[in-house]
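Protein sequence lines correspond, in order, to chains A and B. For the first sequence, position 149 (counting from the first letter as 1) is numbered 149 according to my numbering, and the numbering increases by one without interruption. For the second sequence, position 114 (counting from the first letter as 1) is numbered 1114 according to my numbering, and the numbering increases by one without interruption.
Because the hints were derived from the structure by calculation, they are not lab data. All values reported here derive from a predicted model rather than from experimental measurement. Hints should not be assumed to be uniformly reliable.
Unchecked claim - Simulated coverage check for chain A against chain B, where a stretch passes if three residues somewhere in it have a Cβ under 8 Å from a Cβ of chain B:
no., region
1, 50-57
2, 80-89
What the hints assert, rightly or not - Examples of chain A residues toward chain B, derived with CB under 10 Å:
no., residue
3, Glu18
4, Val22
5, Ile42
6, Leu45
7, Gly124
8, Arg125
9, Met128
10, Ser174
11, Leu176
12, Leu177
13, Ser195
Backbone N, C-alpha and C define an ideal beta-carbon position, used for all residues, glycine too.
So the chains spell out like this:
Number of protein chains: 2
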Amino acid sequence: MDNDLNLTQHISKKFNQELEDVRNQVLKMGGIVEQQVTDGLIALLEGDANLGKMVVERDTQVNLMEVEIDEKCTEILARRQPAASDLRLMVSIIKTITDLERIGDEAEKLGDNAMKVHQESNDGRQFMELRNLGESVKKMLRRSLDAYARMDVDEALSIIKSDIYINEEFDNISRLLLVKMMEDPREIKHALRVSWCARALERIGDHSKNICEYIVYLVKGKDVRHTSLDDL
Amino acid sequence: MDNDLNLTQHISKKFNQELEDVRNQVLKMGGIVEQQVTDGLIALLEGDANLGKMVVERDTQVNLMEVEIDEKCTEILARRQPAASDLRLMVSIIKTITDLERIGDEAEKLGDNAMKVHQESNDGRQFMELRNLGESVKKMLRRSLDAYARMDVDEALSIIKSDIYINEEFDNISRLLLVKMMEDPREIKHALRVSWCARALERIGDHSKNICEYIVYLVKGKDVRHTSLDDL
């Protein structure tokens, strides 16, 4: 953990423990959400309707974790009245779990589409356009969660910058699908479905970027949203 | 304002004033965001590329307001260490402005599309499918902001329930556009654009719903996200 945070220098050991616990809960939630994205993608790309259904069902667990951690944070804020870096930690956690929950929602969409399409045909090639984007987004999310665990600002900044490649890849897929639809109108319905899934992946990239912005805010005390990264 | 909140019973008059100020800033931000949605829609539906451009440019202002209010809240949390209902107010504001900022982003998309399409042709009929959905979403956002200003829990709950109609309207438009694309492949490109705008509107409905959930959380101290509303 970065020394800027000074999480280990509290008078109260119990308070330390509480902060560490809530941080661990966030990491656990991150792990589950990451698994959801991975499984949602596998379900789509390998034609696994059952796995898709599991992803949809497991989303409830993610939602409950958000509410639990939120309550825990509010409780700590009320009881401990933390200042400075601890307060920033609380605020950053409250924001991070909102994004994790929304990544969960996007993963649920992947699962839902896998479930609907692959009930009729378990041909994963139907979503092959998503393979590269899926890999990039998974990697970005994984890196974001690692950066969060290690409070690694440099890595966070590098991830924020990399979001542009995800957006480019998304634009490429959109163009590809458009051509496909124009060439064969019978493809429109399915191409739209692929396009919604691509959008879900692109949004997971956005949320990962948000999480990285909270890391910078937490460690540097500087809000980097809506600012040029060249100033950092 | 609802009496449950007891915002007026602080020992420190100055603290009262600070809370009131930050609440007013949120209301002001809400007003600007509402105007952005309204203008984004007008730009689309009346073929006004210049207005679309203005909406895109004004989004910076919305983004700055989010950062400003966020900083103000963290500062109050650190200095005043509020407890109970004041603390909930702070947390709810931090969450509300995230949604307001994202509504701003969706409005920007409307403006951006208006700008791009209407530079070539200022025929607002190109987006006529969005008229009803646009009106419903605008009304929902307006009601949410009013409920926020008055801390009206009953109204907030009624708005949360009404999101289902927005989703239905969105599904109808999607079906309509699909048929249009299948009937005439030359329509695909534009129909996709209309579809992205419809999605932006639908998401504004989602964010309005989130704001209403924070109202319930703030006044009732109860987190209604991911729960059945019948229990309330």
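Here is how each hint holds up against the structure:
For the region 50-57 of chain A, the assignment as covered by chain B is violated, since 0 residues bring a beta-carbon within under 8 Å of that chain's beta-carbons and 3 are needed. By the rule of at least three residues with a Cβ nearer than 8 Å to a Cβ of chain B, the coverage given for the region 80-89 of chain A holds, with 5 such residues. Interface hint at Glu18(A): violated, since its Cβ lies 16 Å from the closest Cβ of chain B, which is beyond the 10 Å cut-off. With 10 Å as the threshold, the beta carbon of Val22(A) stays out of range of chain B, its nearest partner Cβ sitting at about 14 Å, so the hint is violated.
Taking 10 Å as the C-beta contact cut-off toward chain B, the hint placing Ile42(A) at the interface is violated, the least distance being around 25 Å. Interface hint status for Leu45(A): violated, as the beta-carbon distance to the closest one in chain B is roughly 24 Å, over 10 Å. Nearest Cβ of chain B to the Cβ of Gly124(A): about 24 Å, over the 10 Å cut. The hint is violated. Look at Arg125(A): its Cβ only gets to about 22 Å from chain B, farther than 10 Å, so that hint breaks.
Using the Cβ-Cβ criterion of 10 Å, the hint placing Met128(A) at the interface with chain B is not satisfied: the shortest such distance is roughly 20 Å. Interface restraint check: Ser174(A) against chain B, minimum CB-CB distance 8 Å, threshold 10 Å, status holds. The beta carbon of Leu176(A) is not positioned within 10 Å of any beta carbon in chain B (closest approach about 13 Å), and the interface hint is therefore violated. Among the interface hints, the one on Leu177(A) holds; its C-beta lies about 9 Å from the nearest C-beta in chain B, closer than the 10 Å criterion.
With a cut of 10 Å, the hint placing Ser195(A) at the interface with chain B holds, because the nearest CB-to-CB distance is about 8 Å.
Hints 1, 3, 4, 5, 6, 7, 8, 9, 11, counting from the list given before, are not met by this structure.
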